[in-house]
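Q: Protein sequences, first through last, are from chains A and B. Note that this note's numbering has the first sequence beginning at 695, numbered continuously upward. Note that this note's numbering has the second sequence beginning at 695, numbered continuously upward.
By construction, these hints were calculated from the structure, which means they are not laboratory data. Everything numeric in this text was worked out from a predicted model, so none of it was measured.
Identical chains blur together in the list; that is why a pair holds if it fits in one copy or across any two.
Distance condition first, Cα-Cα at most 20 angstroms in a straight line; then the derived DMTMM-like pairs of lysine to aspartate or glutamate: (1) Lys1022 with Glu815; (2) Lys999 with Asp984; (3) Lys1022 with Glu792; (4) Lys1016 with Glu815.
2 protein chains.
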Amino acid sequence: MTLEYFPLPGTPVEQLDTPALIIDLDVAEGNISKLQTWANRHKVAVRPHAKTHKSPYWARKQLAAGAIGICCAKVSEAEVLANAGVPEIMITNQIIGERKITRLMSLARSARMIVAVDSPENVRDLSEAAQACGAEIGVIIEVDTGMHRCGTAPGAPSVKLAKAIAKAPGLRFDGVMGYEGHLVANRDYEVRKTETLKAVEKLVETADAMRKAGLDVKIVSAAGTGTYNITGTVKGVTELQPGSYIFMDGDYLQVLKDFKPALHVLAQVTSRPAPDRAITDAGLKSISTDRGFPAAAGITGATVKSLSEEHGNITVEGEAAKLRPGDKIRFLPMHGDTTINLHTHYFGIRNGKLEAVIPIEGRGKIR
Amino acid sequence: MTLEYFPLPGTPVEQLDTPALIIDLDVAEGNISKLQTWANRHKVAVRPHAKTHKSPYWARKQLAAGAIGICCAKVSEAEVLANAGVPEIMITNQIIGERKITRLMSLARSARMIVAVDSPENVRDLSEAAQACGAEIGVIIEVDTGMHRCGTAPGAPSVKLAKAIAKAPGLRFDGVMGYEGHLVANRDYEVRKTETLKAVEKLVETADAMRKAGLDVKIVSAAGTGTYNITGTVKGVTELQPGSYIFMDGDYLQVLKDFKPALHVLAQVTSRPAPDRAITDAGLKSISTDRGFPAAAGITGATVKSLSEEHGNITVEGEAAKLRPGDKIRFLPMHGDTTINLHTHYFGIRNGKLEAVIPIEGRGKIR
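Pulled out of the complex, with its shape left as it was, chain A reads as follows:
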């Protein structure tokens, strides 16, 4: 329907049509390796979150590096991953409603499925569906360790729910998860460390209380990119579930420097209507702004003044003032996950040339 076509491998990055979501493959692979190496050394497993990359290509890279499985947020994301052969998938959210629960049971025929719960009603619905479908799925309890989004309270309420799961036909009680999402982006390492240790302690204590009640708790899963090296040192945490570390983004780079930025949006200048103003072709439909405006990269003197739907309004001086229509400019998004979700493909770059066009098959998989 469209005359767009994919450039061939070997195409220099500056010849890619714009806007294009470009990935520095060396950097992304380096990030995957660095996290896995750290986790191996600290004897904690990695189950990376695919909500960031939404792509079987990257899930396979993470598994090949040593990840024990993949996390995702939605049943439809899990369907994409299962169909691509990912053997074990953890949905880190509550799956509600007959249609989605039935799809989850169907998935259990192609992958080992684990799902998070936080209410006895959901446990009942999952168990009934598992029995009706003759499926077995793993269940973990999402414990609210302080983020105050979803999750049961730590301690007794979680233990009670764990007992209900353990008794529910068709369900396999696997353990607990807790996401310290209120701390992962805290800019102050000392505060982040102190508060994360307190939050994760609640999760570990809850797991211990479950074990005292006679339950087998195999999984104690937590952490985001900003807390991997804090949560990952806590005794009793069995696995980490970060997502953004693979590509990083402008927001997380203000939190930690352990991983390098691999993801940019390549744009071109479309208009130079004034000496201090350049207009580009990448706006709100190519770069998300929920964590702020993107930063121009690889050039000095360019600052994003505003984004409209299909325009970047860039204030230019010095080197950037020389930009002409047709010139390319890279932008570092502040939030990778929501930026990636706008695009259909990654353009994977190595040594300045296109190596692979990588489909984002999980894009838009919101159900």
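Assemble chain B onto chain A, guided by the hints.
A: For chain B alone, kept in the frame of chain A given last:
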């Protein structure tokens, strides 16, 4: 690949799987009719902007109501529209680079194409491509009427560029456009009116100066949803190019009440972890927040506290405090265009039931 399926017509809206982008068809059709009726009475043409709906279905409805053509922002959007049979398409932006310009020339074989320019270099490139392809395209000059994004300065610089277009082989000089984007969302009608009249006067004066220079100016195009009834009364303006009026959004409803909200995101409650907190399954990947958090609709006592990628964190009291997991809740996005761009389909509702599943074929068409 996914087990998602489309519900059949007749399905009650509350049985749709979530998150779902739902359109009240009566309201959307009413908005189309209201704008066209107003324009007919004021003897100004309508060329609606498809960047809002990104959908041939809605373009056809607008044309059937009397629109003279359709605007869009990108070559790839134009390809979607042309392939769906839209006979005349105006790209309201500068098209830069050999690849996109060549695609534009190819499009001129299936639709009458008009494109905006603001530089002599772009005119030269378009003319060379038109000659090489044996195509003819219409060209309008984008005049900066005060938004200070793209565009040539009003008056003499625009007249000079118009002369260059008129002389350029393969190009047909059609006229001018100016988008008073800095005024369309001004909440104060009197300010909006006064400032818009000043801005549009620059465009009309520029068109008159072109005519004095012997040029034929057929098109004088301007206006957004917030200024349609101001710009549309200015003598010399030949057509209006609003987009958002078709569905409206929470932001524009604070500007004018002429059109009614037709678009919502249907979500379901997935967790009730605290008496004052409900969590829904629609987050940043289902509802854009570049103009603010969405508003809960059709229920009292529900306020969006925050959105994360796949969660809405809703503060509830009164009626909303009765919400249980599985209950549905509608949200009015503050920015329709960027919300629509997250979804693959509209679910068109009439009298509470699904009438049509409408593909958003222009979604993600950023190049």
